[in-house]
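As a plain string of letters, each chain reads:
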Amino acid sequence: MATDARPQQTSRLRIGATPVFGTLLVALLLFWLGVNLARTPSDFLSVALEGLTLGLVYGLIALGYSLVYGILELINFAHGDVFMLGSWISLSIAAHKIGLDEGSSGLALVWGLALTLLVAMLFCGILNVTIERLAYRPLRNAPRLAPLITAIGMSFILQDVGLNRLGPAPVSVPNILPTSAVFTVGGHEYRWASLIVAVSTFPILFLLIWLVQKTRQGKAMRATAQDQEAAAMMGINVNRTISFTFLIAGALAGVAGLLYALYSTNIRYDQGFQLGLIAFTAAVLGGIGNLPGAVLGAILIGLIQQFNEGLSWHAPSSQWTQSIVFAILILILVFRPEGLLGERTPEGG
Amino acid sequence: MTELPEYRRPWYHRWAGLLGEPRRRWRTMDDRQRRQAGIALRALLVIVVFAIAWPLGLLVLALFAAQYAQPYFPDRYAWARRALLPTIIAIVAVTYPFYNGSLGEMRLFGAFPDVNTAVIMGVYVIMAIGLNIVVGYAGLLDLGYVAFYAMGAYTCAWLASVQFAKHDIKFGAVGVGDTTPGIHISIWIILLAAGLLTALIGIVIGLPTLRLRGDYLAIVTLGFGEILPQVAINGDDLGGVNVTNGPNGITPIDSPGFFGLNFQSGSGDFFTGPRLFFWFVLLLVVVTVFCSLRLRDSRLGRAWIAIREDETAAAAMGVPLMRTKTWAYATGAFFGGVAGAYFASFKSSTFPNDFNFNISAFILSMVILGGMGNVWGVIFGAAFLAYLNQEGLANIGHSLNQTFGTHLDVPLYQFGIYGAIIVLVMLIRPEGLIPSARRRAEFHEGVSDTPLYDAQQ
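Chains as they are written, first to last, in this note's numbering: chain A, 353 to 701; chain B, 500 to 956.
The hints are simulated quantities; they were obtained by calculation from the structure and are not laboratory data.
Do not take every clue at face value.
Computed beta-carbon distance windows for the label pairs [to be verified]:
no. : chain 1 : residue 1 : chain 2 : residue 2 : range
1   : A       : V387      : B       : P746      : 28 to 34 Å
2   : B       : A893      : A       : G519      : 18 to 24 Å
3   : B       : V593      : A       : A667      : 37 to 43 Å
4   : A       : V551      : B       : P746      : 50 to 56 Å
5   : B       : R580      : A       : G519      : 53 to 59 Å
Ideal Cβ positions, reconstructed from N, Cα and C, are used throughout, including at glycine.
Based on the provided sequences and hints, a complete structural model is requested.
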């Protein structure tokens with residue numbers, strides 16, 4: 353059709369360069385991991401555990417990107433900054449308003465965190481809905497790149513709100529979750545705080561899948577994702593459905609903000625941009641629009657990041673982390689844009 | 500037949516609708532009314548600008564007068580008709596360093612921009628015109644334009660500093676001692692070399708990625724734009740070789756010059772350093788504008804616009820998509836590289852932290868504010884935002900704080916302000932302040948840009 357469309361490959365025996373290249377790359381990665389495992393098994397295991405934990409935190413952010421992309425095909429740049437503001441509000445509620453700190457325990461801790469979680473989810477959800485209302489909805493029929501550009505602008509605005517609230521320096525968060533060791537792998541402690549953060553992702557993922565697959569609202573979301581006009585003709589309130597999706601995505605960002613603040617005990621006004629891009633990479637890696645894929649991709653990215661920073665044999669170390677993550681993003685987008693979990697339609701429908 | 504329930508608009512639609520009201524009214528006017536409205540709006544603009552500063556008001560008035568006088572030139576003097584506006588602008592621009600000190604203060608904006616600021620404005624204008632080729636003409640969103648700027652700056656740094664002290668190559672450099680080690684090549688050659696090298700990088704980046712759909716392409720370019728500065732930061736030990744000198748950057752970089760006249764030190768009271776840099780950047784801007792306009796009207800430029808408007812139709816008409824897009828990318832990269840090299844030579848240094856995503860978004864907001872696809876709009880947007888970035892925001896913050904007695908650090912929030920500009924322009928006037936007619940039609944008639952190449956192949 354197009355003058356420069358790729359020539360059709362007629363011979364079935366020819367293997368494209370892409371699978372060969374990909375297989376080589378994965379083989380090289382596995383070899384590197386294997387050698388590292390053989391040399392320092394205990395380091396390897398503890399690094400892998402930390403990577404898994406980090407990946408699950410990324411997964412929560414990635415879910416938000418995936419949800420919004422699934423329904424609007426919009427890369428919601430501002431999502432990372434909503435997440436950052438979620439961290440900020442969690443800090444100000446949990447540490448400053450309620451006064452949780454290292455000493456608090458038991459019932460106060462549980463109730464305090466539950467309240468913080470609720471406030472963070474509400475705040476970020478409503479913020480996200482407002483952004484959609486003000487910045488994306490008027491551009492729904494504009495050329496496709498217009499809302500993307502607006503999202504970038506929105507991201508900068510939110511980042512400066514964070515800058516105003518948090519200041520330019522990193523802000524430390526008290527160790528609210530217990531930091532005692534759950535178990536020890538070869539001299540490395542795995543802390544309760546990490547465990548709690550890691551396992552919280554799973555119920556959220558399952559709840560989300562249930563919401564999208566089984567409920568009436570989820571059906572409306574899937575229909576809107578497939579075809580907005582047809583969905584509207586079937587009596588679905590498209591605007592409300594999209595608002596609902598942004599509400600859910602924002603609430604997820606709120607959860608992620610709280611968990612990230614608890615996990616890293618260090619928040620910054622520009623964390624949203626960095627982590628947002630990492631999470632977006634994860635969502636693309638897993639197959640954007642695909643909910644389990646987002647978490648899977650995030651786990652892989654978390655593992656890669658921690659392996660890169662923690663292993664000793666020929667690891668590029670943390671100064672290259674960002675480059676590696678973006679290289680993965682570029683490779684995936686160029687060679688396998690549908691991601692790891694194949695070509696399932698948005699929302700897994 | 501049952502009555503359909505009346506659609507009730509929310510209360511705020513009336514007020515939100517007022518934003519779109521002038522446009523609707525404009526459509527219903529006939530030519531005479533439009534002319535009158537145009538004159539009224541211009542008069543309003545002149546009054547506002549006069550209120551800010553009388554010299555600016557005078558300039559705007561002169562430009563409008565020249566435009567108004569254009570049809571009254573007899574046909575014998577067609578050349579004069581065409582030369583009138585450019586001549587006024589050229590005279591005002593070239594003589595700027597002589598009178599900018601005696602202009603007094605602007606209201607709200609403070610002092611008129613310094614000559615050094617004017618150089619930086621010129622550099623950003625070149626970059627914005629380059630990005631405009633990619634974003635405005637070809638409709639490819641490039642979020643990593645800073646990578647090209649960085650590439651140009653580092654090319655200049657490598658070829659005109661003591662970075663590679665083991666080598667001793669000198670060719671036409673001005674103001675470099677005979678005993679100074681390193682590679683020193685004339686900046687004029689480097690400008691071209693940097694542009695060509697950056698264009699090559701643009702092709703290398705573009706070939707695998709330009710197949711992608713618009714938003715994926717944006718993300719991939721963003722990825723490249725993030726990787727390159729990190730390579731620059733970590734580049735003090737790439738396989739044992741110090742390539743970029745890491746976070747400390749490369750400094751000093753040679754200055755341009757000719758016939759023994761060094762731009763950085765200048766010569767005498769008349770040819771001061773900033774003035775020389777300013778005049779030369781003006782020359783570069785003129786060349787860039789000329790190339791950009793000629794390219795737009797060329798076969799290639801028309802192909803770009805066709806692709807922007809409808810990829811499928813363009814491909815069906817025989818426009819080679821990949822080649823055309825790659826050319827857009829390479830051309831945009833070329834100007835980015837030239838601007839980067841000149842800027843590095845002007846600052847006499849290059850640091851990896853100058854090249855983060857914020858700069859890409861900053862240049863993008865220049866293009867959007869001015870009007871995607873229109874060179875004059877982009878020039879205005881770039882000059883204005885670069886001025887805000889250098890001096891304007893600090894001055895505005897100062898006068899606001901004095902008026903209201905607050906202590907707000909306005910320049911701290913610069914990127915939030917640019918973000919707000921992006922959002923507001925996209926919502927209220929997506930075609931920019933000075934739009935190109937075609938682009939406006941696209942935004943308002945919802946020309947689809949469904950791509951031919953989907954991400955799934």
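Quick rundown of the hints versus the structure:
Separated by about 31 Å at the C-beta atoms, V387 (chain A) and P746 (chain B) satisfy the suggested range of 28 to 34 Å. A hinted range of 18 to 24 Å holds for the C-beta pair A893 (chain B) and G519 (chain A), which are about 20 Å apart. Distance hint check: the CB atoms of V593 (chain B) and A667 (chain A) are about 57 Å apart, inconsistent with the given range 37 to 43 Å. Distance hint for V551 (chain A) and P746 (chain B): a CB-CB separation of about 39 Å, inconsistent with the stated range 50 to 56 Å.
In this structure, R580 (chain B) and G519 (chain A) meet the distance hint of 53 to 59 Å, their C-beta atoms being roughly 57 Å apart.
Hint compliance for this structure: hints 3 and 4 are not met, and every other hint is.
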